[in-house]
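Novice: Below are the chains, spelled out letter by letter.
6 protein chains.
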Amino acid sequence: MNPLFLSPEHILQGGYFNATLRKLQEPNTSIEPHNIMYPVFLLENDEGMQTVSSMPNVFRYGINKLMPALTELVNNGLKSILIFGIVETLPKDAIGSSADSVNNPVVKALSKIKAAFPDLTIACDVCLCPYTSHGHCGVLTEKGAIDHAASVKRIAEVALAYAKAGADIVAPSDMMDNRIKAIKDALIANSLQNQVSVLSYSCKFASSMYGPFRDTMKSSPMAGDRKCYQLPPGSAGLAARAAARDVAEGADFLMVKPGLPYLDIVRQTKDKYPNHPLFIYQVSGEYAMISRSGDENEMESILMETLTCMRRAGADCIITYFAPLILNLISKKQ
Amino acid sequence: MNPLFLSPEHILQGGYFNATLRKLQEPNTSIEPHNIMYPVFLLENDEGMQTVSSMPNVFRYGINKLMPALTELVNNGLKSILIFGIVETLPKDAIGSSADSVNNPVVKALSKIKAAFPDLTIACDVCLCPYTSHGHCGVLTEKGAIDHAASVKRIAEVALAYAKAGADIVAPSDMMDNRIKAIKDALIANSLQNQVSVLSYSCKFASSMYGPFRDTMKSSPMAGDRKCYQLPPGSAGLAARAAARDVAEGADFLMVKPGLPYLDIVRQTKDKYPNHPLFIYQVSGEYAMISRSGDENEMESILMETLTCMRRAGADCIITYFAPLILNLISKKQ
Amino acid sequence: MNPLFLSPEHILQGGYFNATLRKLQEPNTSIEPHNIMYPVFLLENDEGMQTVSSMPNVFRYGINKLMPALTELVNNGLKSILIFGIVETLPKDAIGSSADSVNNPVVKALSKIKAAFPDLTIACDVCLCPYTSHGHCGVLTEKGAIDHAASVKRIAEVALAYAKAGADIVAPSDMMDNRIKAIKDALIANSLQNQVSVLSYSCKFASSMYGPFRDTMKSSPMAGDRKCYQLPPGSAGLAARAAARDVAEGADFLMVKPGLPYLDIVRQTKDKYPNHPLFIYQVSGEYAMISRSGDENEMESILMETLTCMRRAGADCIITYFAPLILNLISKKQ
Amino acid sequence: MNPLFLSPEHILQGGYFNATLRKLQEPNTSIEPHNIMYPVFLLENDEGMQTVSSMPNVFRYGINKLMPALTELVNNGLKSILIFGIVETLPKDAIGSSADSVNNPVVKALSKIKAAFPDLTIACDVCLCPYTSHGHCGVLTEKGAIDHAASVKRIAEVALAYAKAGADIVAPSDMMDNRIKAIKDALIANSLQNQVSVLSYSCKFASSMYGPFRDTMKSSPMAGDRKCYQLPPGSAGLAARAAARDVAEGADFLMVKPGLPYLDIVRQTKDKYPNHPLFIYQVSGEYAMISRSGDENEMESILMETLTCMRRAGADCIITYFAPLILNLISKKQ
Amino acid sequence: MNPLFLSPEHILQGGYFNATLRKLQEPNTSIEPHNIMYPVFLLENDEGMQTVSSMPNVFRYGINKLMPALTELVNNGLKSILIFGIVETLPKDAIGSSADSVNNPVVKALSKIKAAFPDLTIACDVCLCPYTSHGHCGVLTEKGAIDHAASVKRIAEVALAYAKAGADIVAPSDMMDNRIKAIKDALIANSLQNQVSVLSYSCKFASSMYGPFRDTMKSSPMAGDRKCYQLPPGSAGLAARAAARDVAEGADFLMVKPGLPYLDIVRQTKDKYPNHPLFIYQVSGEYAMISRSGDENEMESILMETLTCMRRAGADCIITYFAPLILNLISKKQ
Amino acid sequence: MNPLFLSPEHILQGGYFNATLRKLQEPNTSIEPHNIMYPVFLLENDEGMQTVSSMPNVFRYGINKLMPALTELVNNGLKSILIFGIVETLPKDAIGSSADSVNNPVVKALSKIKAAFPDLTIACDVCLCPYTSHGHCGVLTEKGAIDHAASVKRIAEVALAYAKAGADIVAPSDMMDNRIKAIKDALIANSLQNQVSVLSYSCKFASSMYGPFRDTMKSSPMAGDRKCYQLPPGSAGLAARAAARDVAEGADFLMVKPGLPYLDIVRQTKDKYPNHPLFIYQVSGEYAMISRSGDENEMESILMETLTCMRRAGADCIITYFAPLILNLISKKQ
Ligand SMILES: [Zn+2]
Ligand SMILES: [Zn+2]
Ligand SMILES: [Zn+2]
Ligand SMILES: [Zn+2]
Ligand SMILES: [Zn+2]
Ligand SMILES: [Zn+2]
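Residue numbers (my numbering), protein chains in the order written: chain P, 70 to 403; chain D, 70 to 403; chain C, 70 to 403; chain Z, 70 to 403; chain V, 70 to 403; chain L, 70 to 403.
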C-alpha cells in the first residue's frame, strides 16, 4: 500500500496527459469565427483611409475603402462587425445632433454594407460623445451636470436611427442608467424588437487602457476623467448591479470592457446570467500590450492564450482589433 | 404604451434572428473531432473482416484489416477509439482468463496501433462477459451469485493488462461497485496512474436498445436479463449515486449509456460534476433508429441535431458508430 | 477487512436486485392514462377520414368519424386530447381569419365533443399558420417581417374563440413573445380564467423531426426555415428564458417539443418550475423512428422505455400519436 | 383593465378545475402495490392464529396459518412484507440469543415463504428487545447502561442470520449508532451485500402512538420510557443527523416512524436524500385513530387521503396494517 | 481501536440521554398561550347555546353566553379567537348580503367582545358561503360559474366591514385568487392597514376531514364537491404557488389547513417564507380522531405530541378546538 | 412620472459620483506592503550580481549582494520574499540531489537572511527541475515517465530541508498530485508543522508567458513542452480539482499562476475557498508586457490597475517583480 496517496480522486495527471484529453478538459474554449467581432472605424470621407499611429494594422476607412477590406475578411470567415463613426467635419452641438443625422457616416453606410454582406451581423456603437460639443456621453443641464432623462431620450433616438438604417445590433456605450429599456421601448414602438438586438456595454470600467482608442476616435477628452460614468476598476459590486439592471431592462447581450484584467467580472457575469451571450471588448491598451509582447510566434501564442482564457472565463464573443489575424490563424489550423 | 408587452426581458426573438446570433445562443455545442470516439470491434483472426447484419456500415476487423481503415479515419481527423475484443476461438472459463491472456486480440493489437498512430487516443472496454463461460460480467459464487470481491479483482487485473499493453484509457463496463478504486490502485502500484485514464461506464442503464450490439459482439445473453447489473431506466437516483461513487473512487471520466433517452441524466451528471469530462455512448439501438429515420439528407440532419443535443446536455465526447460519417460531415462544412 | 470496499454507501447493487425494489428506485415514472394526451387532426368535411402516408396508424378525421373513434379510446381510458384543425377549403388570408371563424372545424366540433365526453379534457392548438395565406404563424408587416403586436392580438382572439366554444385548454404554438399574457388577459376579461387553462409551447425547438407532421397538417412551409421562430436546438439558455417568460405571464402548463433529444431541457424546466405541470410533445419524427425501431415486441419495449425516460426527466404528460397503443399496453399490464 | 388582478401568474384556479388536471397537479402520489408493505407477526406455534384486541383485523400467525393468508394477499397484488417474530416460549437472556437461534420463528419461516412466493420481497425487523430478558434493544453493561459495541455486534449477527435464511431486506429498529455499517460489513464478509438490502429505522421517534403495537408484540415495556433510544418528537435536528448517519454508513433505504405527525420529517429527509427510497411506518396508534375516524366510507376516504399525503411528503413505500384493505381499494378502482 | 464506529459525528445518543438535553434538541416547539387560537361559533340569537353532536365539548354561542365562557378562558390565558358567524334566520341571497349587514352576528358582537377583552386578539373568518343562497364562496355568473371579479369585490367588502367593526385580523377562507390584494387595498383606502392584519387561508386543501365542521356551521354543501376551490390533497406545487401568491399580494400571516396530514406543506411554507408567521388549522376531523384515540391520558399525550409536531414543522400558532383543554394542561404543567 | 426610469434599484450612478464613494465601492482592493511578495533569484557565487536581459530591473544576486538590496527594500516596507536558487556549477543528477545539499545557495542563505531581517517572511520555491540532469520536476522511471512516488518523496525532502534551514513558507511548484500531504507529513514528523506554512502552486497553467522567467532561471527546457505537468489554459475544471486536492491535503495558502489572464480562476478559487489566503504569481511575461505598455505614467497607471483588479478578483497577495516600484508608489501616495 502506498502511503503517499491520499485519495484516488486527487490524482489529476491521469486525466490530461495527451493533447486529445487536454482538449476534453477545455470545454467551450474553441475560437471559431462567430466568437469574434471586428471593430470598424468609419470616416465621413467615403474615399478616406487613415492609419492609427498608436495601433499598428488598424485603419480608419471611408465606406468605399471599407467595402473591399470587408470583402476579404468576410471571405476569410468574418461574421460580425462593430461600427464607430469618426467625426471630422460634421457639426457638434449640445445634444449630438450629428449622431443620427442623415449625414452621419454610419447612417449612410449601413444599407450599403447590409446589401453587400447580407449574412454579416452589423452592430453599431451608440453614444453621443463623438458628436457633442462638450464631448460628454449625454446631454447636460444648465449647471453642467448630466441631464439623465434628456440623455436617455437622445440615446434611444440614436439607437433607433441606426436600427431603422439596417443595424442588426445597437450597442449603447454611454453607461446611462435605464437606457436599455428606453431603447427597447423605441424598438417596440417601431416593431423592430424582433429584428434588432441590444448589446449593452454593461460592465465598462474606467480603465487606463483606453489611450490608443481615443487617438483612433480623434476624441479629445474633456476636463474630468470619468466623463462617461464608467465603473471604478475595483468594484465588482457595481458591475454586478449594472448587469442586473441591463438584464431587467431587456438587454439581449452583455459586455465586459476591458477584457484581460476583468476576467473575474466576466466569470461573475456569466455565472449570474448564463443564458445571455456575453461579449468582451479587448481594448486598445490590451491590443498594444499584446502586440509588443514578443516576436511573431510569441505574440500569436500569447494572443491565442488570452482568447482561450476569455472563452474559459465565460465570454461568447470577443470584440478585437486582432480579428483579421485571428481569422488567418483559424484558417491555417484547419 | 403598448399593453401587450409585459417586460422587455421577455422579448426573446430580438436575440436569435440570424444564424450568427443563433450560434452565440448555442455555446459549447460544436462538434469537433475530439468530441467523437469510434468503437472498434477486433477479431482474433488478424486477416478477418466481417459485416454486422443489424448495423449497416459497421464491421468487425482483424488487426491487419483494421490498420488501413484507421489510417483513413485518422487522416480524416479521428482522435480516439474504443476497442472491444471479439472472441471466436479463445477458450472461455469461469474467470474470463482470455480477457487478459497474451492471445487476447486487444492485448496483441495495442502496441501495433500505438506505434502506427502515436497521436490516437486508445481506450479499451474492460469486462469479463465476452470471456466467461457463463457470460456474466463477473466471477460467480458456487450458488451462481456474483462474487463481488473476486469479480473486482479480475476486472482490475484485466484493466492493468490493457494499460501495460499500451491503452491510454481503460473503460470498465461491468458496473461492479468499487471497481474504479481497484483499477486505480492497480495503476498506482504499477506507476501508471499518470499515463492511463479511467473512463467509467458510470450510468449504464438496462435499456432495450442494446440488441444490435449483442449481435456485433456475438455474445449470447444468459438467462436473467440484468446480467450486468445495469441501472433501472427510470432511476435518476441510482444514476446520481453511481456517478458519485465513481468520482469518489477516482474516475477520470464518466459515461452515460445509452444517450438520447437519457439526456436528463447527462445534464444531472454534468451539473454535479462539471469538472469531469463526460462521455455518452450512442448505442446500437440509437444507431439503428437514426439510420432508418429518413433519406440521406434527413438522416444526416437528425444525426447532427442529436449530437448537438448531446453536447448541449453536457456531453464532452460521444462514442458513436457514426464517427466516420461525422468526420466527413465536419470536413465538408469547413 | 476487505480492502476492495471503499465505503458502504458506494455499494449500490444491494438496493435494486429484484423487480419490486427497482420499482421503488423509479419514482414518478408510472404511465397512467392521465399522463397521456392524444393529438387529433380534424377535417372540415364532417364525414372525412384520411390516412397519413408518413405516419402509420394516424388519421385525419371529420367530426362524424372522430366520435366513434374517441368513444373507443375514452372507454379504454383516454383522458385528454389536443385538437388541430386541417384546412382544405376554408379561405386563407393575411390574418388567418378562418382560425376563429364559425366555419372552423375546431370551433364547430368543440361543443359536440364536450357534450359526448364530459370528462375528457380538450386542448386546442392555437396558431395562425394553418390559416394564413403566407403560412406564417403571425401577421406580417408591409416589409414581410412579423408584426408582433398585431400577431399577439390575433393569437389571443383565436384562443378566446376556442375557450368560448368549450376548450378546457388553449395551447398557443406560435412562439410569439408575450402571447401568454395576452391570452390570459382575454380570458380574464371574459371571466374564463378559472375554467380554461393555458398550455404554452414554451420550449419548441427548430428541429429536423417535424417532417411527417407537416404532411399531416397539409401545411406547405414558406421560404425561410424558421417561420415559426422556434428555438435553436443547441440553446438551453433561450429555453430557460422562454419558460421563465411564460411562467411570469401566467402559463398554467409548460411544454418541451420535441421530446427525446431534449430531455435535458425537460429536466432543466422541471427543476426550475417544479410546481407547473410539464408536457412533452413526442413529435412525428420520434413517432416515425420508434415505429421502425424493430419488431412489435422490440418497438413496444423501446416505446415504453422512452415514456419512462420522459417521466423520469420530469414530464407529467406526454402528447403522443402512440396514445391508442399505450392505453392498450396499460390495460394489458393490469 | 381589471384592477383586481395583480399578476397572471397568481391565477391558480385555471390549472385544476377538472379531475384530470388535478391528477397532473398531484405528481408521484399514486398508490400502487409496490408502494405498500405489510407487517406480519409470526408466532412460534406453526398452527397458531391470534387476534389483537386493540387492533381490529390484525392477527398473529403461525407459519401454517400465514401461508394461505399470504396467498390471498399476493394474488391481490401484495409485493412486500415486514416480519416480526413473537416470542412465547423461547428463552430470553441478556444478549437475546433467541433472536438468531435455529428455533426462532422468523429464521425457520423464511425459506418456506421465499419458496412459496419467489417474487414477494421479504423484510425482517431486526432488534434484540423481543428476545432479551431485560427487554432492552441492546446488550447492557454491568451497570445497566447500553454496551454499545456489544449491542451493535449482536444486531449485526442477527441481521446476518436473517439474511442467510433468505430475507431480502433486513430492517434494524434498534436505533443504535453505527449499526448500519456493522450490518453492511457483515453482509460484505459473507458476499451478501448485493443480494440483501438494509432498511434503516432512521428517524424513529419516541411517540405516544405505539401502544397497540406493544400489545401485539406482547412486549412488556421496561422501567424507563425511552428504552429504545428513540428520538424526541420535537427534534427535527436529530432526525436529520440520524438520516445522515445511516446514509454515510450505507443504508439502502430510510424510514420515518410514525408517519402522520412526522410528514415534515419525511419531507426533510427526502429533500436531503432524494436518491434513497424512503419508507414510512404508519404505526398502530395511527391505525387505531383512522379505524375509528368515521363510517366505512369516511374512514376509507381519510385513509386514502393520508396515504396520498404521505406520498406527497416524499414517501416511496408505506408500511401499514391497512395493506389488505388498500389492495382491495386499488383493485376496485381499476 | 473500535472498528464498529465509523465516525464520531455519527454518535447521536450522546446528545439526548436526559430530559434537559432532549429539550435542547427540540427548539421552538414550546406550547404557550400565544401559540393557540380558539375558533368561536357565534349564533344570531344572543341567548342561544347549542352543543355539536359530532364534536364533544364544542358549542355554538349567542353573544350573551359567549361572554362568560370567554371570561373563564381569558383568565386561563387565552390570547386569541377566530369567530365564525352561524346563520339561522338571516336572509341568504346571491351575493351573501348578510355577511356584512348590520344584523350579522359577527358585526354586532365585535365591539362588545373588544370592549370586554381589550387584550384579546380577535380574528374573523371571511367568506360568503354561509350567507349565499347557493352556498358557494363567491358570486356566480349566469351560467353558474364563479364570477371572479365580483366575488373578490364582495370578499373585500365583507373583510372591510369586520375590520371597521373591530376585528384585529381578517381571515379570508374563500381561496379566490387575488383577494388578499383586494382586501389590503380596501384597508388602505380606509386607513386601517396598520390596525388590521390579514391572515390568509393560503393552503387550504380539499380534505375529507371537514365533516364535523360542516355540521357545526349548519352549512349544507352544494352539488359539486369542490365548491370552495380548495387545493387537491396531493398537490404540494399548487400550495407553494398559493403561498407565493398571497405573500406577493400582502398577506400578513399564512395558514395551512388541515394540519396533521399536511405537515410537509407546513415545512415547505415555513422554509420558503420564514418571516411570515404561519398558522395551522387543526380541523374538525383531526379533533374527532384525537378525541377518540384512547383514554384521557393517552388522548392528552397524543394531543400534546401532535401540537409539538406542528410547532416542529414550522407552525407559529395552531387554531384548535382543544384550546380550553390545552390551556388547562399548560396551567397544570406550570 | 418619468417613464424612462424603470426601477430605483437600477439607478447606479447615484452611488459612485465622487472619489470617496468610489473607494467605498471598491472593497478589499487596497495595495499595502503585506499584499506584495518579491521573487529573489539567488546565485551560488556569493558576490555575484547579474542583470536579466529580458527583464529590465530584475537581477540575480549572490547573498552578499542581496543583503544590501534587501535592506533598502525592507526599509521601504517589504514584508515577504520568494527565493529561487540558480544553479551554475553545482552538479545535476537524476534525483536533483543539489536541491537540498549543504551547498545549495538557498540552504546556505536562509539563516543569514533570517538573522538580518527577522520580520521578513521568507518563502522558498520547492522543485527539482533546476537540479535534475533531465530538467524535469520529478524523478523518472526507466522508461522516462515520471516516477510519481519517488518524485513526491524527493519534493518532501527538499521542502523539509528548506524548512529546517529557516524558511517560513515552502512553496512546491512541481504540480505533482499529493505532494502537499507528503510535505505536511514531513513537517509534522519534524515538529515543524506549526512554524512553517505550505504555499501550493495549486493552479499553475501551461502558459506562453513564462519565457523571460526561463531566461532568468537559466533553465533549458527539455523536449516536451509540458515538462512540469502544468494545467491546460482552458481548463477551469482541472484548476478547481487541483485546488480541492491541495486544500484536502493541508495547503495553508493557494496560488494561481499566471495572474492577469486567469482572474476568473482566482475568483473561482476564492469563492470556493474563502478562508485560504490566495496568492497570484504575476509572471515574467506579464512583467514584460506591462513594462512596455506606455510611458512611465501610463505604465504605472496600468500596473496599479492590474493590481487592483487582482485584489478585486480575490487575491490576498501578489508575487511580483514590480515589488520595488510598487513600494515606491505606495510610499509616494502616503
Ligand atoms: Zn460616450
Ligand atoms: Zn459485461
Ligand atoms: Zn404556427
Ligand atoms: Zn427494540
Ligand atoms: Zn367559503
Ligand atoms: Zn519544476
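These are calculated hints, taken from the structure and not from any lab test. We put the beta carbon where it would ideally sit given N, CA and C, even for glycine. Just to be clear, a hint being listed does not mean it is correct.
[Said to hold, decoys possible] Stretch by stretch, here's where chain C covers chain Z in the computed footprint (C-beta under 8 Å, at least three residues): (1) 269-280; (2) 312-319.
[Said to hold, decoys possible] With a cut-off of at most 20 Å between alpha-carbon atoms, the simulated SDA-like pairs for lysine to any residue come out as follows: (3) Lys341(D) to Ala313(D); (4) Lys222(C) to Pro187(Z); (5) Lys212(D) to Pro187(Z); (6) Lys233(L) to Arg283(L); (7) Lys402(P) to Ile399(D); (8) Lys233(Z) to Pro187(Z); (9) Lys134(L) to Thr89(L); (10) Lys212(D) to Ser260(Z); (11) Lys341(L) to Ala309(P); (12) Lys233(Z) to Leu209(D); (13) Lys402(C) to Ser260(Z).
Novice: Hint by hint, note whether the structure agrees.
Specialist: Going through the hints against the structure:
no. : hint                   : verdict
1   : 269-280                : violated (count 0)
2   : 312-319                : holds (count 4)
3   : Lys341(D) to Ala313(D) : holds (9 Å)
4   : Lys222(C) to Pro187(Z) : violated (63 Å)
5   : Lys212(D) to Pro187(Z) : holds (16 Å)
6   : Lys233(L) to Arg283(L) : violated (28 Å)
7   : Lys402(P) to Ile399(D) : holds (14 Å)
8   : Lys233(Z) to Pro187(Z) : holds (16 Å)
9   : Lys134(L) to Thr89(L)  : violated (43 Å)
10  : Lys212(D) to Ser260(Z) : holds (11 Å)
11  : Lys341(L) to Ala309(P) : holds (19 Å)
12  : Lys233(Z) to Leu209(D) : holds (17 Å)
13  : Lys402(C) to Ser260(Z) : violated (35 Å)
Checked against the numbered hints listed earlier, the structure breaks hints 1, 4, 6, 9, 13; every other hint is satisfied.
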